[in-house]
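S.K.: Sequence:
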Amino acid sequence: MRSAIFRTAQAGLRRTSGRPIISQAPPKLTYRGSRSFSATPVQKEKEEKKWSTPLAKQLAEAINITGPIPLASYMRMCLTADVGGYYTGAIEPGRDQFGQRGDFITSPEISQVFGELIGIWFVAEWMSQGRPRTGVELIEVGPGRGTLMDDILRTIRNFKDMASAIDAVYMVEASKELRLTQKNLLCGEDAAMRESKEGWHSTCKYSDLPIVWADSIKAVPQSASKTPFIVAHEFFDALPIHAFQVVEIPPTQQPVTSSGSPRSASSNTSSPTRQWREMVVSPTPEGTTHADLGTPKSSQHEPVPEFQLTLSPSQTRHALYLPESSPRYRALRSTPDALIEVCPDASLYISDFATRIGGSAAHPKPNPSGAALILDYGPADTIPTNSLRGIRRHARVSPFAAPGLVDLSADVDFLALVEAATRASDGVECHGPVDQAHFLETMGIAQRAEMLASRAAAGDEAKGAGIERAWKRLVDRGPGGMGKLYKALAILPENAGMRRPVGFGGDVD
Numbered sequence: 015m016r017s018a019i020f021r022t023a024q025a026g027l028r029r030t031s032g033r034p035i036i037s038q039a040p041p042k043l044t045y046r047g048s049r050s051f052s053a054t055p056v057q058k059e060k061e062e063k064k065w066s067t068p069l070a071k072q073l074a075e076a077i078n079i080t081g082p083i084p085l086a087s088y089m090r091m092c093l094t095a096d097v098g099g100y101y102t103g104a105i106e107p108g109r110d111q112f113g114q115r116g117d118f119i120t121s122p123e124i125s126q127v128f129g130e131l132i133g134i135w136f137v138a139e140w141m142s143q144g145r146p147r148t149g150v151e152l153i154e155v156g157p158g159r160g161t162l163m164d165d166i167l168r169t170i171r172n173f174k175d176m177a178s179a180i181d182a183v184y185m186v187e188a189s190k191e192l193r194l195t196q197k198n199l200l201c202g203e204d205a206a207m208r209e210s211k212e213g214w215h216s217t218c219k220y221s222d223l224p225i226v227w228a229d230s231i232k233a234v235p236q237s238a239s240k241t242p243f244i245v246a247h248e249f250f251d252a253l254p255i256h257a258f259q260v261v262e263i264p265p266t267q268q269p270v271t272s273s274g275s276p277r278s279a280s281s282n283t284s285s286p287t288r289q290w291r292e293m294v295v296s297p298t299p300e301g302t303t304h305a306d307l308g309t310p311k312s313s314q315h316e317p318v319p320e321f322q323l324t325l326s327p328s329q330t331r332h333a334l335y336l337p338e339s340s341p342r343y344r345a346l347r348s349t350p351d352a353l354i355e356v357c358p359d360a361s362l363y364i365s366d367f368a369t370r371i372g373g374s375a376a377h378p379k380p381n382p383s384g385a386a387l388i389l390d391y392g393p394a395d396t397i398p399t400n401s402l403r404g405i406r407r408h409a410r411v412s413p414f415a416a417p418g419l420v421d422l423s424a425d426v427d428f429l430a431l432v433e434a435a436t437r438a439s440d441g442v443e444c445h446g447p448v449d450q451a452h453f454l455e456t457m458g459i460a461q462r463a464e465m466l467a468s469r470a471a472a473g474d475e476a477k478g479a480g481i482e483r484a485w486k487r488l489v490d491r492g493p494g495g496m497g498k499l500y501k502a503l504a505i506l507p508e509n510a511g512m513r514r515p516v517g518f519g520g521d522v523d
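The working numbering numbers the first residue of the sequence shown as 15 and each following residue consecutively.
Don't read these hints as lab results, they were simulated from the structure.
Take the hints with a grain of salt, since some may be wrong.
As the list claims (entries may be wrong) - No more than 30 Å apart at the CA atoms, straight line, and that leaves these computed lysine-lysine pairs for BS3-like:
#	residue 1	residue 2
1	K240	K190
2	K240	K211
3	K219	K174
4	K232	K211
5	K190	K71
6	K190	K211
7	K174	K71
8	K64	K190
9	K190	K219
10	K190	K232
11	K311	K71
12	K219	K240
13	K498	K486
14	K498	K477
15	K219	K477
16	K232	K219
17	K63	K219
18	K64	K311
Could you put the whole structure together from the sequences, leaning on the hints where they help?
M.R.: Shown next, in the form of structure tokens:
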């Protein structure tokens, strides 16, 4: 078995982030599987410990009662807790997670061409599916500041027939602050935003198109008569993951039955058995140093992270069923020290997308229609491992420091998305994943950017050069380049593979 010490890059995590960040040597953490956590009451001096954030204190107090928690629970609290969550807590005035002044930059913020091409992709799908005149819906999950949807709507309004076929735009957003930011961009700062049992409502600034905000995908109405076009950009990477490792269990020395009586000698285990154990989060013990954690010297100026990742000493309930949920995971159980990351929330969301497009037994849809486009980062054909990352102010930081102030994300398991989508609905098929560079170049990013750059350069050479740098950044295939790290995946109505979508080897029918 791998030594009980888990050394990884990027604060205990190995994979390079797909989000643009300032280059620096990745910090290291060492996770000691031998450490145990006591659920005994804390001493007075520990109660007076000053935590980095209110959420850090809340997490420590909860773990003190319950014991170490799954990595997924830690991520969920850090990102969406009511008090101090990264996206929902609003613990810093005027906070903006996105852009140069925030923690990371997404593709729509880098170049408007990115969003325009997503809009063109949906127009092409609408055309290929017979140009329905009514019932079209645009749905975005995790819309950020609303920049991507703004570019999509601005593009689609140039295609009058499709624009008039759209019934509504749905924005799935849990953050009150981000809902307001999106409303201001898409509808105008003076536009009213009313609340109902369905969500929050306003009107698009480009037309009379209704825009509806929902705090979960389940709150978006689902109908067999609708044609949903769904986009998820850098959404799945922010969903909580569970992490597991295969461990060897020593041979049984004095086996007992469930009643407590000794088993017969013939039932003794003569060889080790393997089982999945879950990685769990607990507070870093008092007195732990950077040397204990294996932090590189370049990052030792930062405080020691307040939390650490350890291996559960026994099987958790998640370890009993999540690694058994796919043949891809089950096949690794025989591999010593195998590591996997599983994201149940991703399966729930992608299954919802699939049933909206292709129907299911619970939601029959005689004529499948619509499409979903997922753009995110992760391996194309392997299961992610050690991919959790923390980013703050465009730099890698420990994901276990300053909970609520650090963006957490993990690689997307694209093949798991394909597996879940096709299992949820017989009426869909998947295409991809393909590299973002391939997708954008096939969609014509160079030609569109060249047109914009030439127009801009006529009045401002620097602006024209900026447009060129931006689009080339999106398709960069170099080590750590966005064009290589990011992938595109499409879900379409099932057609026996007879029609490939644009950007995935096909053309407009």
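S.K.: Against the earlier hints, flag every one the structure doesn't satisfy and list their numbers going up.
M.R.: 7, 17
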